[in-house]
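Per this note's numbering, numbering through the sequence shown is continuous, rising by one, with the last residue being 360.
Don't take every hint at face value.
[Stated by the list, open to error] Below are the DSBU-like pairs computed for lysine-lysine, each with C-alpha atoms no more than 35 Å apart in a straight line: (1) K51 <-> K149; (2) K149 <-> K57; (3) K303 <-> K51; (4) K149 <-> K303; (5) K303 <-> K57.
For the record, the hints were derived by calculation from the structure and aren't laboratory data.
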Amino acid sequence: MSLAQPIALSLGDPAGIGPEIILKAWRTLKGSGPVFVAVGDFATLARAAGADAEIAAVSSVAEVARIFPHALPVIDMPLAASVVPGEPSSAVAAAIIGWIEAGARLAMAGEAAALVTAPIAKAPLYEAGFAFPGHTEFLGALAPGPGAARPVMMLVARDLRCALATIHEPLARVSGLLTADAIVAAGRITAAALSVDFAIPRPRLAVAALNPHAGEAGEIGEEEETIIAPAVHALQAEGVAASGPHPADSLFHEAARASYDAVLCMYHDQALIPVKMLDFWGGVNVTLGLSIVRTSPDHGVAFDIAGRGMARPDSLIASLRLASDIAARRGAG
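Work out the full structure, taking the sequences as your base and the hints as a guide.
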């Protein structure tokens, strides 16, 4: 389905692979869509385009659909400092944050159908005083959903969807951060997103255990008995088709994936390892529970290959396509 508005795509860290994969994604999609507009530094994208120079500055999103088949449209928000591919710098942190904010504002105003974010590096932003663990938490503050609930991070790869009860947290802190209320809130948001954004009428939610063998009835961990199982029961009482806690080591193989529509995982790597094993190049990060549609590639800035023409745009292309699908289902098209 064609969207009435383009997708806003923030540039990410200009020293990473963002500029390269944005150009490659546009070259793949310019004949078929979805249509998008880059939000960032025009000069950085021009250097990435090289001699081809297939880019055009736009002053408003109204111009984007006309330009997109012929050139990558860019809302130019220039950098105040120079950038060298592969060399991150906190001097451009304010610009990176501003590009994300601008893209989110376009989506909140209805001028963009969705926001897709190219990868950022956390350390340079932290050095500049960035107060959020990552994109997900920042966008939760910028574009909160109903009730201002904490946003939920979901990773999507082929037929696997993994949502997270905790996000960017040290493993040593996860147990202390897990509460039945937090798991119920994440499960509720995930089930609602499966219904609306993924058009699954009666979503089935598998809830992962934290400990090996789901804690062996408390012998090798009590979180399943005291926190996770009560949360599953609470979700069921709300009408969510939730089950678990399930041992995570047997939850992600092909036959198991046929028994649910999404897994609610307890910590970051519990979700990301199976997603990246299943589809390393094509995974997508989706933020649930926002007032806007937001997706991003499921990979980082790859400073080690930035500027060398080696980066693959698969995940960014998948992110743009999924954002378009979700926006259409929400009626943004």
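Taking the hints in turn, this is what the structure says about them:
| no. | hint | verdict |
| --- | --- | --- |
| 1 | K51 <-> K149 | holds, 24 Å |
| 2 | K149 <-> K57 | holds, 31 Å |
| 3 | K303 <-> K51 | holds, 21 Å |
| 4 | K149 <-> K303 | holds, 20 Å |
| 5 | K303 <-> K57 | holds, 27 Å |
Going through the hint list in order, the structure satisfies each hint without exception.
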